[in-house]
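Assemble the whole structure, with the sequences as input and the hints as a guide.
Chains as they are written, first to last, in our numbering: chain A, 4 to 327; chain B, 381 to 488.
Errors might be hidden in some of the hints.
Claimed, not checked - Mimicking BS3-like on lysine-lysine, the simulated pairs with C-alpha atoms at most 30 angstroms apart in a straight line are:
{"#": "1", "chain 1": "A", "residue 1": "K149", "chain 2": "A", "residue 2": "K174"}
{"#": "2", "chain 1": "B", "residue 1": "K459", "chain 2": "A", "residue 2": "K122"}
{"#": "3", "chain 1": "B", "residue 1": "K468", "chain 2": "B", "residue 2": "K434"}
{"#": "4", "chain 1": "B", "residue 1": "K468", "chain 2": "A", "residue 2": "K150"}
Claimed, not checked - Simulated coverage check for chain A against chain B, where a stretch passes if three residues somewhere in it have a Cβ under 8 angstroms from a Cβ of chain B:
{"#": "5", "stretch": "37-43"}
{"#": "6", "stretch": "132-141"}
Hints in this document: simulated from the structure, not taken from any laboratory. All C-beta atoms in this analysis are idealised placements derived from N, C-alpha and C, irrespective of residue type, glycine included.
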Amino acid sequence: MLHVRQMIIIGSGPAGYTAAIYAARANMKPLLIASSVEAGGELMKTTEVENYPGFPEGIQGPDLMLKMQEQAERFGTEVILDDVVSLDLTGAVKTVTLGNGDVHEALTVIFATGSAYRKLGLEDEERLSGQGVSWCATCDGFFFRKKTIAVVGGGDSAMEEATFLTKFADKVYLIHRSDSFRASKVMVDRAEANPKIEFLFNKRVEHIYGDGLVSGVGLIDTVDGSETTINLSGLFIAIGADPRTHLVHGQLELTSAGTIAVSGRTSVTNLPGVFAAGDVIDPHYRQAVTAAASGTVAALDAEDYLAALPADVLASASPVAVSA
Amino acid sequence: MSNAKEVTDATFVDDVLNSSDTIMVDFWAEWCGPCKAVSPILDAIAAEHSDKIKIVKLNVDDNPEMAMKYQITSIPAMKVFRGGEVVKTVIGAKPKPALEADLAEFLA
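This is the structure in structure tokens:
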């Protein structure tokens, strides 16, 4: 018979690890499924994080995530580097199946899978992906030394990537489909002050050209409809992300924004014992620190749920450990 | 960290192009997070299929010549060589089952 745990956390960004820190400190011995190649989440692909409190000098995204993992493990979180392939959340005992075939069971699940990069949806995007089309400036910027490239998007990530890429590229176009930005003022100001960055406002990418490698893009002006072509060798796409919910379709209710629906300021989903946290419930703020806070809420909600369960149900799960 | 043999600009012809084995070259760099994430998965695949495929690593920082020759613009980039020719390219870190599916023809 399977060993039923008190809690399984799915996701290893700030929400997942913070939920794990709280749950582990409450002796719930959480199991955290971190993913095989995306462990640590989106911050693994960023460089300097300047707005996470407690690090006045800033901290590298991957370092921050490693510290969160260490902190979660210090209190007894078990971390598995694999991917969830299916989930059954409907019963009192939840079942989680991993890529290696292992099945784990728990009385509560915290779902904190974050979001996945949005694509432009163009015909040649997939074909030229890895051939000049990229979603990761920190991974691929190196290959565009002294080249002309472009970043598409108008949020903080687009500004950050454009600024970062000027370390390598001679010229970085920032292509944005309107003339106002979602990005914070400090990030826009920094990009605007950079002589290598040229803003192209009110432009939508219509075509990506290139045989083996990207050679240019075709743009349409969103105001007057005119078309232009720019020669470039790299296109970095930073147009936002969509909540990663495919594992729970048909089980958890979603909002019109595509995020998992939770009750008010809680992490409580439509299914008892299932809680959601981080970017997967947040269509708006999506910061490392708001995700971390959201993870805390989920751990506390799950703790309340477990405390209210009949004693015999709780006893069937892993006992609350008493340190020797 | 990884068990895979490192190849370089200098050894590429001997180690990869002139080899009679099926060899996959993992183009990687120290600063690439996804490269580090996929590295143990490649080790596991190499260990499980050592009779079918050899997996070696090329650091693109230290070996710009080969990175340029094979037009690497995104890493991790994994290229399978047979008889000196690239017969398959896989780009980006992927979970083990997905990589095994991409490489199925070489692992069978």
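Hint by hint, where does the structure go against what was stated? Just the numbers, ascending.
none
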